[in-house]
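Q: Assemble the whole structure, with the sequences as input and the hints as a guide.
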Amino acid sequence: MKIAIFFGTETGNAEMLAEDIATGLEAEHETSLADLADSSPEDLKVAELNVIVCSSYGEGELPASAKPFAAQLADSQPDLSDVRFAIFGLGDSEYAETYGFGSMKLAELLVARGARALDERPVHDAASADLPEDVALPWVTAIIDGLAT
Amino acid sequence: MGAKIAIVGAGPSGCYTAQALLKRAPDLEIDIIDAQPVPYGLVRYGVAADHQGTKGVARQFARLFTRQNARFHGNLRLGHHITLPDLRRAYDVVVLATGLAGDRALGIPGDGLPGVIGSGALTRALYEHPDAAALPSLGAHPVIIGTGNVAIDVLRLLAKTPDELHGSDLGPAPTDWLAAQEIRQITVVGRSRASAARFSPVMIKELAELSRVDLRLRFPDDAEALNTAVAATSGPLPVDFRFESRPVALEQVDGALRLTVETPAGPEQISASSVISAIGFVCDGALDRAALLQEADAAPPGNLYTAGWFRTGSVGAIPQCRDEAQALAVEILDRITPDVTKPGRAIFAAHKSIVDFDHWQRLDALELSSAPGNRCRQKITCREELLNPATHEDA
Ligand SMILES: Cc1cc2nc3c(=O)[nH]c(=O)nc-3n(C[C@H](O)[C@H](O)[C@H](O)COP(=O)(O)OP(=O)(O)OC[C@H]3O[C@@H](n4cnc5c(N)ncnc54)[C@H](O)[C@@H]3O)c2cc1C
Ligand SMILES: Cc1cc2nc3c(=O)[nH]c(=O)nc-3n(C[C@H](O)[C@H](O)[C@H](O)COP(=O)(O)O)c2cc1C
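These protein sequence lines are chains A and B, in that order. Take the first sequence: its letters are residues 1 to 149, numbered as in the numbering used here. Take the second sequence: its letters are residues 1001 to 1395, numbered as in the numbering used here.
Take these hints with a grain of salt, some might be off.
Claimed, not checked - Calculated cross-link-like contacts (lysine-lysine; reagent style BS3-like; alpha-carbon spacing at most 25 Å):
#1 B:Lys1352 - B:Lys1342
#2 B:Lys1055 - A:Lys67
#3 A:Lys67 - B:Lys1342
#4 B:Lys1205 - B:Lys1055
#5 B:Lys1205 - B:Lys1160
#6 B:Lys1023 - B:Lys1352
#7 B:Lys1023 - A:Lys2
#8 A:Lys105 - B:Lys1205
#9 B:Lys1023 - B:Lys1055
#10 B:Lys1205 - A:Lys67
#11 A:Lys2 - A:Lys45
#12 A:Lys105 - A:Lys45
Since the hints were made in silico from the structure, they are not lab data. Bear in mind that the values here come from a model prediction, so they are computed numbers and not experimental data.
A: Right, dumping it as structure tokens:
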């Protein structure tokens, strides 16, 4: 399957996880990896599945590298009704009131443009002992298996 | 074989620079040198013990050494074990990312009196930096000068109850020290208006959640986060924010410190059992920063670059270190011309005291496994044990 992986990051953790996902999938799939900062909404129309990793910053805002992309989504109002995406959040439950808000806001923007969200939106908690890749890889594999059947 | 680059300083700036370089040019030979036997600079010894999520960037930096082929040379101090000219002769490029370890002085009469403590010195002691001085006595009424995030970090730690430090990596000695201070009141003094203070609103929000504090504002202002926090807190520990108060002098009066500040209501005096200055950092004098910055910026460019706090001054947090490192990596790669005769890391062969990344991984595992139930890590603190983890293992 053709899978495009994107990340929105502020300090690089989402980029590292996106790389891990790409590495985990590349043996069986045709993968690409890009920073949302270098991407436009049109880029979501290329692959059969888009996997997005996005952190939260400030008071539940999008991380710096996802902001221009979100602005484009709002400004150019693209039609994303043929787009399928799965989004994984990075957050920190110490920020209880805005936990996982960055990925949530991005998902909402995409859905508002007609894109279809696959599965739940897991959020990895930086305050937990879990490793994000241990949570994200089984999650993405299950989604892909679901699409194949 | 790729060009050889030495990066001095394994803090965020040095590590992000190496990461950005290796992403673009994986065949570079990158050596990261640090004076300490352990990597990561202020991620380990500055970022607050109760902000573990922020320290998550260390996982990225570890990959430099475990997957991306960068080498860590710890316990090697530039200017002591090795000179800059030697390093520049051995490498195609040298990047100075040594940060700023000196506390900016208040610059007012009395700023050198006993009881006046720099926030850098204090946080190094709290976070068990091997070169830190002993933890000072703060007394019942410490005054913090400065209204940046570092000032709020210090305030938050002083104001937390032992329970609120659960899950942090604050060591047993600093934990006992905090409990022994018996602080009754904390005052935070800043020159600007509250609405112009540099701290971020999330930091204030976090203060509002502490059980003990009772935040108060001397001059009312439209600073939203602060006003909300003032309204939300009513604990037993008064914390007075005194904005628009410019420190002008410190004196010793009857065994206490007396701080005079200039306010819109005229001069005022604040009595303090200790004064913690958190107004930024300067070079500690180990390197001639001004001359090195000038040389690194000189045209045509030589093989010397500067990064991070050493380059910009103590402004900017970890995200800025990352942005700047990416720009610096592009600049370096645009200009570099590898010289195959450069010896690179071979010049360290005679330095038997250097520790490598495997060494850090052993320390890291020990620190994680020896943590008590209410802590996520127990730091190994003295240099001797950091250099010989086995002595710790046997203990
Ligand atoms: C108390 C405090 C709390 C902070 N909290 C946060 C936070 O929560 N979030 C955030 O984003 N930012 C925070 N910051 C800011 C952040 O730490 C800095 O932006 C960042 O660490 C700067 O990185 P650097 O690599 O330039 O310097 P440093 O992190 O200081 O790294 C410099 C490295 O160089 C080494 N070195 C120094 N001299 C020599 C020498 N002569 N030879 C060899 N090695 C040498 C040092 O040992 C150190 O490892 C905080 C800063 C402080 C002071
Ligand atoms: C200043 C700051 C603010 C943050 N705000 C939030 C937040 O509002 N909600 C959340 O879930 N996580 C928050 N986080 C946690 C980050 O999302 C988390 O550390 C993540 O791993 C960062 O990933 P990145 O490196 O890809 O940006 C914040 C972290 C910092 C340092």
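Q: Which of the numbered hints are not met once you compare them with the structure shown?
A: 3 and 6
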